[in-house]
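> One letter stands for each residue in the lines below.
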Amino acid sequence: MIRAQNVSKNFGTFAALTDVSVDIPPGSLTALLGPSGGGKSTLLRIIAGLETPDTGTIEIGGADSTRVSPQRRNVGFVFQHYAAFKHMTVAENVAFGLSIRKRPKAEIAKRVTELLELVHLEQFSQRYPAQLSGGQRQRMALARALAVEPQVLLLDEPFGALDAQVRKELRAWLRRLHDEVNVTTVFVTHDQEEAMEVADSIVVMAEGQVKQVGTPDELYERPASDFVMSFLGPVTTLHGRLVRPHDLLLTAEPGDGAVPAVVERVVRLGFEVRVDATVAGEPIWAQVTRYRARLLDLKSGDTVYVRELDRVDAVSTSSRESSARSA
Amino acid sequence: MARISLRVVALGYLLFLLVLPVGVIVFRTFENGVGAVIDALTTESALHAFQVTLYVAIPAVIANTIFGVGVAILLVRHRFRGRRLLDALVDLPLAVSPVVVGLALILVYGRFEPIGGWLADRGIDMIFSIPGMVMATIFVSLPLVVRAIAPVLEEIGVEQEQAAWTLGATSWQAFRRVTIPAIKWALAYGMVLSLARSLGEYGAVAVVSGRLVDQTQTMTLFVEERFQNFDQQAAYAAAFVLAVIAVISLLAINLLRPKEGSS
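Protein chains in written order, with our numbering: chain G, 371 to 697; chain U, 6 to 268.
It is worth saying that the hints were derived from the structure and are not from the lab. Small disclaimer: the values here were computed from a predicted structure and weren't measured. Backbone N, C-alpha and C define an ideal beta-carbon position, used for all residues, glycine too. A couple of the hints might just be wrong.
[Claimed, not checked] Which chain U residues face chain G? A few, computed with CB under 7 Å, are given here: (1) Q165; (2) Q167; (3) L172; (4) G173; (5) A174; (6) D219.
Only chain G is shown next, with the shape it has when bound in the complex (with noise of 0.2 Å):
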């Protein structure tokens, strides 16, 4: 269990964390997810103590840890540029922690062979960071954090330096290491969807504050604000409401509460279609399907009317076409 309470840091007159208070519960994996410069980055480096907060405390495990040196903390910390020690080979660097804790050779050596398995890297042990990938050095630097079996494990933007493929990759795996290691683990990121993807608890935040904190479903469904909801997912206007672009109903007949749209363009991306189109001369956009799409004939200049679904409608919608598809 990671708790900030009142937690606040300005550096200058930047004020990066305003009376910041969250908790991390025990064996989960969190995202501080936000926009940069909205705090994210300095809430971890505060829990890890390698910043102060100007006011607030930081409890690890239940040990007020405010003012515990980060070599006390046992944390493991992961930085987006790897922070590799480039004079070391793989094995040297996932050692370094625990021969800093003088630990007999043998059981080091145990040690390093069983992390350097967990993150698939044994045939690299004896290569120096230059020679590996980014992914590569990155899961490195993870199994180097591991190694001291730490308590609470933070990670700072871990796949922002990685290319889209690697990423995505190294995601999935990192859901796969914290369900065998299962420490309690907080990472940074200012991409949606990988919190979306990871996290099992997302802490929103921005302007030096905590905006929401929940699933990834409840954020999705119920977001506290609109901030909250433009950040977690694509939205479009309609009377004035951020709504979900894929919440909207087309229908080529005028039914209840539907306002009429005169389409401007249809995209085809794949399976999903996107219709821009405009109400009542304001710009809105709905994500449909290609079979939604190829009902109404969807062409530009056409006019159709356009309802936000509820939760009913969605379910019925879907029932009735597929009924429709099987007719």
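Place chain U on chain G using the hints.
For chain U alone, coordinates are given in the frame of chain G:
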């Protein structure tokens, strides 16, 4: 065409400025055979001058290494009031004439000045003896280690050190096991530069040493004194040794530089 003429100009410039004088020294040194050179370099005065040079240069390099690493870390890793002033002061020795440095040291540490007198009462003579010469040499080679390692410290960043802390390393352990290996080539480069500068220093040492033959005479002072006394064989031979040391330092520097870049 322009490139070729530029090359000719550059090479000609170096020829007349550097290659020719050094070449003549080599020629003159060995004009009377190797035996004469060995004789000239093994006189009591010459050997003593070698010894004094080492007594001055080695402590100066050690002091500059410790100070240089400390100040470089202070300048790169810490933000404090007066940091820019310190940064500027480090370069001061490059701007001040060594003779002025020597005179300034005499004004502070001379036997008849307050601080120098206080030290002299306790049996420590600074001026006209080795301690003052070491100080003068430290002063003139002060920036070399700092300026060699500061950019490398900047480039490696703090994250490796912070990673070491989170893994349980104390600041000292992180410094010894992470920082030092990361800057070692730059540090060696700075130390070689500092050594070369210390061995070759003339002006400040000349003023502070009092040029006492067989007592405070370093190699450079020996060369000048022998030359003035028409013992050209000894002057050329010692100058040749200084030049050889400079060339070796240059080679060492050039061998160290690419490693520092690729690490």
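> Hint by hint, say whether it matches the structure.
A quick look at each hint next to the structure:
1. At its closest, the beta carbon of U/Q165 sits 5 Å from a beta carbon of chain G; the interface hint therefore holds under the 7 Å criterion.
2. Because the beta carbon of U/Q167 sits about 6 Å from the nearest beta carbon in chain G, less than 7 Å, this interface hint is met.
3. Residue-level restraint check for U/L172 holds (minimum Cβ-Cβ distance to chain G is 4 Å; threshold 7 Å).
4. Because the beta carbon of U/G173 sits about 5 Å from the nearest beta carbon in chain G, less than 7 Å, this interface hint is met.
5. Interface hint status for U/A174: upheld, as the beta-carbon distance to the closest one in chain G is roughly 5 Å, under 7 Å.
6. Annotation: U/D219 was flagged as interfacial toward chain G, and the flag is violated, the nearest CB pair being 47 Å apart, outside 7 Å.
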